[in-house]
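Participant: Here are the chains, one letter per residue:
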Amino acid sequence: MASTLFRTIQIHPFFLYPTALFSRRNGVLYCTMKSSQTQTATQEKQQPPKVKVPQHALKKTVDKITRDYEAIIGIETHVQLSTLTKAFCSCPYNYGSQPNTNICPICMGLPGALPVLNSKVIEFAVKLGLALNCKLSLNSKFDRKQYFYPDLPKGYQISQFDIPIATGGYVDLDLPLEFGGGHRKFGITRVHMEEDAGKLLHSGNGDYSQVDLNRAGVPLLEIVSEPDMRTGIEAAEYAAELQRVVRYLGISNGNMQEGSLRCDVNVSIRPVGQSEFGTKVEIKNLNSFSSINRAIDFEISRQALLHSQGQSDQIVQETRLWEEGAQKTVTMRKKEGLSDYRYFPEPNLPEVILTQEYVDSISNSLPELPEAKRRRYEKMGLSMQDVLFLANDMNVAEYFDETLSSGADIKLAANWIMGDIAAYMKNKKLSINDIKLTPQELAELIASIKSGTISGKIGKEILSELLAKGGTVKGLIEEKDLIQIADPVEIGKMIDKVISENPKQLEQYRSGKTKLQGFFAGQVMKLSKGKANPGLLNKILLEKLNGQS
Amino acid sequence: MLSTIQPPRYLSRFPLRGRTKSRSFHILSSAQPVTKTCFAADKSQILSIRDSLLNRHLSAVELTHSYLDRLKQTEPHINCFLHVSDPDKVLKQAQDIDDKIKRNEEVGPLAGVLVAIKDNICTADMPSTGGSYILEGYRPPFDATAVKRLKDLGAIVVGKTNLDEFGMGSTTEASAFKVTANPWDLSRVPGGSSGGSAASVSARQCVVSLGSDTGGSVRQPASFCGVVGLKPTYGRVSRFGLMAYASSLDVIGCFGSSVADTGILLHAISGHDSLDATSSKREVPDFTSQFTYASSLKSRPLEGLRVGLIRETVDAGVDSGVKSAIEGAAAHLEQLGCVLKEVSLPSFSLGLPAYYILASSESSSNLSRYDGVRYGNQASSDELNVLYEESRAKGFGSEVKMRILMGTYALSAGYYDAYYKRAQQVRTIIRKSFKAALDENDILISPAAPSAAYKIGEKKNDPLAMYAGDIMTVNVNLAGLPALVLPCGFVEGGAVGLPVGLQIIGAAFDEFAKHKCLLNGFFERNL
Numbered sequence: 001m002a003s004t005l006f007r008t009i010q011i012h013p014f015f016l017y018p019t020a021l022f023s024r025r026n027g028v029l030y031c032t033m034k035s036s037q038t039q040t041a042t043q044e045k046q047q048p049p050k051v052k053v054p055q056h057a058l059k060k061t062v063d064k065i066t067r068d069y070e071a072i073i074g075i076e077t078h079v080q081l082s083t084l085t086k087a088f089c090s091c092p093y094n095y096g097s098q099p100n101t102n103i104c105p106i107c108m109g110l111p112g113a114l115p116v117l118n119s120k121v122i123e124f125a126v127k128l129g130l131a132l133n134c135k136l137s138l139n140s141k142f143d144r145k146q147y148f149y150p151d152l153p154k155g156y157q158i159s160q161f162d163i164p165i166a167t168g169g170y171v172d173l174d175l176p177l178e179f180g181g182g183h184r185k186f187g188i189t190r191v192h193m194e195e196d197a198g199k200l201l202h203s204g205n206g207d208y209s210q211v212d213l214n215r216a217g218v219p220l221l222e223i224v225s226e227p228d229m230r231t232g233i234e235a236a237e238y239a240a241e242l243q244r245v246v247r248y249l250g251i252s253n254g255n256m257q258e259g260s261l262r263c264d265v266n267v268s269i270r271p272v273g274q275s276e277f278g279t280k281v282e283i284k285n286l287n288s289f290s291s292i293n294r295a296i297d298f299e300i301s302r303q304a305l306l307h308s309q310g311q312s313d314q315i316v317q318e319t320r321l322w323e324e325g326a327q328k329t330v331t332m333r334k335k336e337g338l339s340d341y342r343y344f345p346e347p348n349l350p351e352v353i354l355t356q357e358y359v360d361s362i363s364n365s366l367p368e369l370p371e372a373k374r375r376r377y378e379k380m381g382l383s384m385q386d387v388l389f390l391a392n393d394m395n396v397a398e399y400f401d402e403t404l405s406s407g408a409d410i411k412l413a414a415n416w417i418m419g420d421i422a423a424y425m426k427n428k429k430l431s432i433n434d435i436k437l438t439p440q441e442l443a444e445l446i447a448s449i450k451s452g453t454i455s456g457k458i459g460k461e462i463l464s465e466l467l468a469k470g471g472t473v474k475g476l477i478e479e480k481d482l483i484q485i486a487d488p489v490e491i492g493k494m495i496d497k498v499i500s501e502n503p504k505q506l507e508q509y510r511s512g513k514t515k516l517q518g519f520f521a522g523q524v525m526k527l528s529k530g531k532a533n534p535g536l537l538n539k540i541l542l543e544k545l546n547g548q549s
Numbered sequence: 001m002l003s004t005i006q007p008p009r010y011l012s013r014f015p016l017r018g019r020t021k022s023r024s025f026h027i028l029s030s031a032q033p034v035t036k037t038c039f040a041a042d043k044s045q046i047l048s049i050r051d052s053l054l055n056r057h058l059s060a061v062e063l064t065h066s067y068l069d070r071l072k073q074t075e076p077h078i079n080c081f082l083h084v085s086d087p088d089k090v091l092k093q094a095q096d097i098d099d100k101i102k103r104n105e106e107v108g109p110l111a112g113v114l115v116a117i118k119d120n121i122c123t124a125d126m127p128s129t130g131g132s133y134i135l136e137g138y139r140p141p142f143d144a145t146a147v148k149r150l151k152d153l154g155a156i157v158v159g160k161t162n163l164d165e166f167g168m169g170s171t172t173e174a175s176a177f178k179v180t181a182n183p184w185d186l187s188r189v190p191g192g193s194s195g196g197s198a199a200s201v202s203a204r205q206c207v208v209s210l211g212s213d214t215g216g217s218v219r220q221p222a223s224f225c226g227v228v229g230l231k232p233t234y235g236r237v238s239r240f241g242l243m244a245y246a247s248s249l250d251v252i253g254c255f256g257s258s259v260a261d262t263g264i265l266l267h268a269i270s271g272h273d274s275l276d277a278t279s280s281k282r283e284v285p286d287f288t289s290q291f292t293y294a295s296s297l298k299s300r301p302l303e304g305l306r307v308g309l310i311r312e313t314v315d316a317g318v319d320s321g322v323k324s325a326i327e328g329a330a331a332h333l334e335q336l337g338c339v340l341k342e343v344s345l346p347s348f349s350l351g352l353p354a355y356y357i358l359a360s361s362e363s364s365s366n367l368s369r370y371d372g373v374r375y376g377n378q379a380s381s382d383e384l385n386v387l388y389e390e391s392r393a394k395g396f397g398s399e400v401k402m403r404i405l406m407g408t409y410a411l412s413a414g415y416y417d418a419y420y421k422r423a424q425q426v427r428t429i430i431r432k433s434f435k436a437a438l439d440e441n442d443i444l445i446s447p448a449a450p451s452a453a454y455k456i457g458e459k460k461n462d463p464l465a466m467y468a469g470d471i472m473t474v475n476v477n478l479a480g481l482p483a484l485v486l487p488c489g490f491v492e493g494g495a496v497g498l499p500v501g502l503q504i505i506g507a508a509f510d511e512f513a514k515h516k517c518l519l520n521g522f523f524e525r526n527l
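Residue numbers (UniProt numbering), protein chains in the order written: chain R, 1 to 549; chain L, 1 to 527.
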């Protein structure tokens, strides 16, 4: 039982085996928990003996060794749904609210309180199930998963056990080119609905902990993958794809820092060619895609090293914690067999019955999903690098699509978005939704350059103004009188003026210092306030300098 | 009755309740007939009170005073209440009703009706302990939906009644706080778990009361205390605010001194509640308009009503006195025109083990929230597991602990299929067999308990004997059906005999339709 008690603790390992002191302060909500130094010390001792190898040699050796092993990686992902209210009561949930301000008798688990399901939770679950190509259970139910922990008000979590709402799907993704690229398809075992627990806030000195129940009862979807991934980058990209899918669907903000998307990773390795699995290790506390990648690669190396040194018995079924600072995984708790959660059907909630019509109506309302978007962009002739950049962020993709539907050239639109606009966003730390330039005006800008109304140089100049202040391309061109001068006579007049004002330079040019053409061109451009068509300017200038007219 | 109450020192010799014809409230019975036509169900205290108030024969304050006086006199000997409302507050509510009536304003149909609430039903303004030490002094921040509905209709909550801890027991001896006595014989148990609610109505400390029924906790004490107890269909009444014992079986039920009163009370608390996903959206028919006047009674008013006597309930193991009372009642029903036949429910005896597995399993989960962390009594400890263990070890009584242990065992990996799952299968069989029997019969009848009230302490150390006493009632919970228990006779015991209850089981959500004959009181008036 003890192993189940501390399952949610991730951040402060020394709380894992605490001696706790609970005492209520303001009525019902606070409790204190003391940590025990001696037990923490015991914990340290349980860690497997470290293998002493010099760092540089280690890297080389490990790289060599890992080639002989194949890693098997599966991921459990919890996605917090962005419903207006919690799963079973009408409390709102806003990340970062004052502790215990978004709570009611139901999510506090007071005697006599009953859960009533928020129908949005089902809608979101169906959306995700369909998006992950799952088979939906038209009849599913809720079950109780039972364990004691101070952040779990009812002493059980309402979850789904033997009949999840969705099963047997898959997710398609394209690996980034910098990691070798390639298409991957990973299986999804199941998706089920459940409620989140509260949070323990630990005091700085570890003397006590406080319970914040704001998060208790917030709806989650748990997504369990097949053990289909083989490398850290594959796992990280799987998680990133899930984030894209939930964001495209609008069912979660998918924010890993806020805990809206949480990944627990299972890793085992086996010698290449062996069919049975090795002992799997669970890794928690993965707060970013890159930490998923690095934690898994570390874990694979650790296990491979133990294998190669005949210490494979040191690989035990356990939960390990990724330590971002030390860039390594450490033992959090060892599992003594399977925990018995004594699941049974939640009698307070009716069965979840979906009609085919309901599923169809949701299916018809699904937006274009990342994979479909990528394939469409690919067919448009964009490079995979462009495809990934544009499709990764739903808002960018939407912006791109709107620019295209306003008539912009595909390649030019992609270049503008990925080039100057992306640079501006990065520089100002803005998202594409924050910039003032509308997709329609971007299309207008591209068209204006293409038609020669303004020069590319002018285009870039007014872009920054459009990004920061908005307005229309036409308005800016008129306001600033920026229309390109493409009249040879007018350009000729300006050239004549510049030549006559610089007789010395003309003489030098004509005596062989042809480099001075650039000087003249610059002077003319200056005179035209940058509006002269550069090609025309150079052509006429050359004629005039060479005295052909 | 009230005027004949004996001084306390004689109470052990003279029961609070006598076997007397005049059961109605003394003020009402001594008053002039309030209407020219008597109700067939004129035993309805609620209707009498309403009439008296509206006709200004009686003020709500007078009425309340008389009940409070009686409560004060009798309570030390029966111990029905864990908490009695502040008399000033109760009288203030009565005064408000009187003021409204004086101003000719509309008052609710339950205006001035003093109601007692079982202590496992949450009330916002008073403690709600569930009879458990772990919730000693706990005050919920909300009213249970049933309580809220009663208050909205003008009822006045007079107090919180004693019960077996969290509803687990059949004698009310498993309360953490006190033992309630049976008003018919103070040395006997009132039944349980809603013993306080049943005894308080029986002793006329209140007009009606709410109890809860998971395996017979309304019907068995109604039988023991000689009052009417009504267990509604599962889903008819919102469970929001009822401390969960076994969620798939729990229902809030009604006690009254007449069928009409329990019916009126049920009507008041019935109907869908958005806070309880298992509460039914079925419309609640208004049956109060269906009361029939005595003058319109036919000689055989129940002509053609098909009544099935469940054979298994009058087999061996049932007291002979109980058996003959039931047989007498059955014969009486025939006289009233019913078509009586015996029906057999072969799965009947399976109900008891299935019930105890399912109820224990659910309770082991439902009681997990009482961990001392957020509310209730908390053991002091500087280690988390010890805090849990000590809070629960000290907070729960032995009956509760036993059921948590049994339920935890039944749900454990490796045992789930053999116990919980199998019990669910039995439940399905029971539900089907009741459905079949009720397709052929309008109502089924049986004793409410195998015996009349037994002595305090008699079965305390023999849980199996106590559990066996639930045989008559648990099947009805497993099937989710409505059932009414009403006094149908007496057996020897105590100073004046002990009441025996007849259980009448109807089809799901048929409380108001097929029972209307009973609600009309045809049967009852002949008792």
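Do not take every clue at face value.
Straight-line distance between alpha carbons at most 27 Å, and here's what the computed DSSO-like set of lysine-lysine pairs gives [what the hints assert, rightly or not]:
| id | chain 1 | residue 1 | chain 2 | residue 2 |
| --- | --- | --- | --- | --- |
| 1 | R | K145 | L | K435 |
| 2 | R | K145 | L | K394 |
| 3 | R | K120 | L | K281 |
| 4 | R | K515 | R | K544 |
| 5 | R | K141 | L | K459 |
| 6 | R | K141 | L | K281 |
| 7 | R | K531 | R | K480 |
| 8 | R | K141 | L | K394 |
| 9 | R | K515 | R | K480 |
| 10 | L | K460 | R | K145 |
| 11 | L | K435 | L | K394 |
| 12 | R | K141 | L | K460 |
| 13 | R | K328 | R | K379 |
| 14 | R | K328 | R | K145 |
| 15 | L | K102 | L | K178 |
| 16 | R | K497 | R | K469 |
| 17 | R | K199 | R | K411 |
Here's a subset of chain L near chain R, in silico, CB distances under 10 Å, partners left out [claimed, not checked]:
| id | residue |
| --- | --- |
| 18 | D125 |
| 19 | M126 |
| 20 | S128 |
| 21 | Y133 |
| 22 | F142 |
| 23 | F177 |
| 24 | S320 |
| 25 | H332 |
| 26 | R369 |
| 27 | Y420 |
| 28 | S433 |
| 29 | A437 |
These aren't lab readings, by the way, just hints derived from the structure by calculation.
Even glycine gets a Cβ: it sits at the ideal position worked out from N, Cα and C.
Participant: Taken at face value, is the distance from the CA of R:K469 to the CA of R:K497 at most 27 Å?
Facilitator: Distance of about 37 Å is beyond 27 Å: violated.
Participant: Is the straight-line distance between the alpha-carbon of R:K145 and that of L:K435 27 Å or less?
Facilitator: Distance ~33 Å between R:K145 and L:K435 Cα, so the pair is violated.
Participant: Return the status of the interface hint for L:S433: holds when the least beta-carbon distance to chain R is below 10 Å, violated otherwise.
Facilitator: violated, 22 Å
Participant: With the threshold set at 27 Å, check whether the alpha-carbon distance from R:K141 to L:K281 stays at or below it.
Facilitator: Since the Cα atoms of R:K141 and L:K281 sit roughly 20 Å apart, the hinted pair holds (cutoff 27 Å).
Participant: With 10 Å as the cut and Cβ atoms as the points, is L:F142 at the interface with chain R?
Facilitator: Check passed: Cβ of L:F142 comes within 6 Å of chain R, closer than 10 Å.
Participant: Classify the hint on L:S320 as holds or violated, based on whether any CB of chain R lies nearer than 10 Å to its CB.
Facilitator: Cβ of L:S320 sits 39 Å from chain R, so the hint is violated.
Participant: Checking hints one by one. Is L:A437 an interface residue toward chain R, by the C-beta closer than 10 Å rule?
Facilitator: It is violated, given that the least Cβ distance between L:A437 and chain R is near 25 Å, above 10 Å.
Participant: Mind checking the alpha carbons of R:K145 and L:K394 for me, to see if they're no more than 27 Å apart?
Facilitator: Satisfied, since the Cα-Cα distance of roughly 25 Å is no more than 27 Å.
Participant: Does the structure keep R:K120 and L:K281 at a Cα separation of 27 Å or less?
Facilitator: OK: R:K120 and L:K281 at ~21 Å, within 27 Å.
Participant: Do the alpha carbons of R:K141 and L:K394 lie within 27 Å of each other, as the hint requires?
Facilitator: Distance of about 35 Å is beyond 27 Å: violated.
Participant: Is the shortest C-beta separation between L:H332 and chain R less than 10 Å?
Facilitator: violated, 39 Å
Participant: Compare the distance between the alpha carbons of L:K460 and R:K145 with 27 Å, and conclude whether the hinted pair is satisfied.
Facilitator: violated, 34 Å
Checked against the numbered hints given earlier, this structure breaks hints 1, 5, 8, 9, 10, 11, 12, 13, 14, 15, 16, 17, 18, 19, 21, 23, 24, 25, 28, 29; the rest are met.
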